[in-house]
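Visitor: If you want the building blocks of each chain, they are given just below.
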Amino acid sequence: KAGVTQTPRYLIKTRGQQVTLSCSPISGHRSVSWYQQTPGQGLQFLFEYFSETQRNKGNFPGRFSGRQFSNSRSEMNVSTLELGDSALYLCASSWPGSSTDTQYFGPGTRLTVL
Amino acid sequence: KQEVTQIPAALSVPEGENLVLNCSFTDSAIYNLQWFRQDPGKGLTSLLLIQSSQREQTSGRLNASLDKSSGRSTLYIAASQPGDSATYLCAVQTGANNLFFGTGTRLTVIP
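Chains as they are written, first to last, in the numbering used here: chain A, 7 to 120; chain B, 10 to 120.
Next comes chain A alone, as it looks inside the complex:
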């Protein structure tokens, strides 16, 4: 069974641009969560999607958004990039998205904002 895949693995953008990151969950998983990891703040929860609906959201500005497609693939978008958005963005999938299920993480997308 293939693991969680994230594309692209590396991105370099400049301030003010926008970026879209993609996450393909493990086959059969319907829940996808996104996290931001920075040296200063550690790992922080962004949002979670289940069956194409955002079910939970962390404390991030509205510049961070996401969506989930009918095949459970998810994308997150960051608009008007700031230097502080440079981070490793991780997505995780699980099924059926309950408290009993381990989350499986992808390798991450490393975003650098110049």
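Since the hints were derived computationally from the structure, they do not count as laboratory data.
Please read all numbers here as calculations on a predicted model, not as lab measurements.
Worth double-checking, as some hints may not be accurate.
Derived BS3-like pairs (lysine-lysine); straight-line CA-CA distance at most 27 Å [what the hints assert, rightly or not]:
#1 B:K77 - A:K63
#2 B:K77 - B:K10
#3 A:K63 - B:K10
#4 A:K63 - B:K51
#5 A:K19 - A:K63
#6 A:K19 - B:K10
Label pairs and their in silico Cβ distance ranges [what the hints assert, rightly or not]:
#7 A:F66 - B:I119: 35 to 43 Å
#8 B:A38 - A:K63: 32 to 40 Å
#9 A:T86 - B:Y85: 41 to 49 Å
#10 B:T67 - A:G22: 45 to 53 Å
#11 B:R70 - A:T108: 15 to 23 Å
#12 B:S62 - A:W101: 35 to 43 Å
#13 B:P49 - A:G22: 28 to 36 Å
#14 A:Q60 - B:Q60: 35 to 43 Å
#15 B:N27 - A:L89: 39 to 47 Å
#16 A:E58 - B:D36: 38 to 46 Å
#17 A:N83 - B:A87: 41 to 49 Å
#18 A:G9 - B:E26: 29 to 37 Å
#19 A:N77 - B:Q63: 29 to 37 Å
#20 B:G92 - A:W101: 25 to 33 Å
What the simulated footprint calls covered on chain A by chain B, stretch by stretch (three residues with Cβ under 8 Å from a Cβ of chain B suffice, anywhere in the stretch; the number is not a length) [what the hints assert, rightly or not]:
#21 70-81
#22 108-120
Glycine included, C-beta positions come from ideal geometry on N, C-alpha and C.
Starting from the structure of chain A, add chain B where the hints point.
Guide: Chain B in isolation, oriented as in the chain A frame:
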């Protein structure tokens, strides 16, 4: 707001030693607690998941305990190996797949 703390921030031990990593959290209303390892520049690998109603879980040389009332968990690694070198993260789940992570313990096992 849930806060998760891990002590120590870094640990260096000789190969073969047994070691304990600590995790504490401020709000005991959790669904579960998970331990992950992260290798440099990589994603997270799940090691153990303890349900809120459980006291411990074991997998191979790893044993994790949970004391929900005191807001503490420990990860015990027996007979450490150089391949165990990584950053270990604990995380508590408080809502639908909303994990609060600690800042991690960077473990180095010296051959």
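Visitor: Taking the hints in turn, state whether each one holds.
Guide: Results for each hint:
no. : hint                       : verdict
1   : B:K77 - A:K63              : holds, 25 Å
2   : B:K77 - B:K10              : holds, 16 Å
3   : A:K63 - B:K10              : holds, 14 Å
4   : A:K63 - B:K51              : holds, 24 Å
5   : A:K19 - A:K63              : holds, 25 Å
6   : A:K19 - B:K10              : violated, 33 Å
7   : A:F66 - B:I119: 35 to 43 Å : holds, 39 Å
8   : B:A38 - A:K63: 32 to 40 Å  : violated, 19 Å
9   : A:T86 - B:Y85: 41 to 49 Å  : holds, 46 Å
10  : B:T67 - A:G22: 45 to 53 Å  : holds, 50 Å
11  : B:R70 - A:T108: 15 to 23 Å : holds, 19 Å
12  : B:S62 - A:W101: 35 to 43 Å : violated, 21 Å
13  : B:P49 - A:G22: 28 to 36 Å  : holds, 30 Å
14  : A:Q60 - B:Q60: 35 to 43 Å  : violated, 26 Å
15  : B:N27 - A:L89: 39 to 47 Å  : holds, 43 Å
16  : A:E58 - B:D36: 38 to 46 Å  : violated, 30 Å
17  : A:N83 - B:A87: 41 to 49 Å  : holds, 45 Å
18  : A:G9 - B:E26: 29 to 37 Å   : holds, 31 Å
19  : A:N77 - B:Q63: 29 to 37 Å  : holds, 34 Å
20  : B:G92 - A:W101: 25 to 33 Å : holds, 29 Å
21  : 70-81                      : violated (count 0)
22  : 108-120                    : holds (count 8)
Checked against the numbered hints given earlier, this structure breaks hints 6, 8, 12, 14, 16 and 21; the rest are met.
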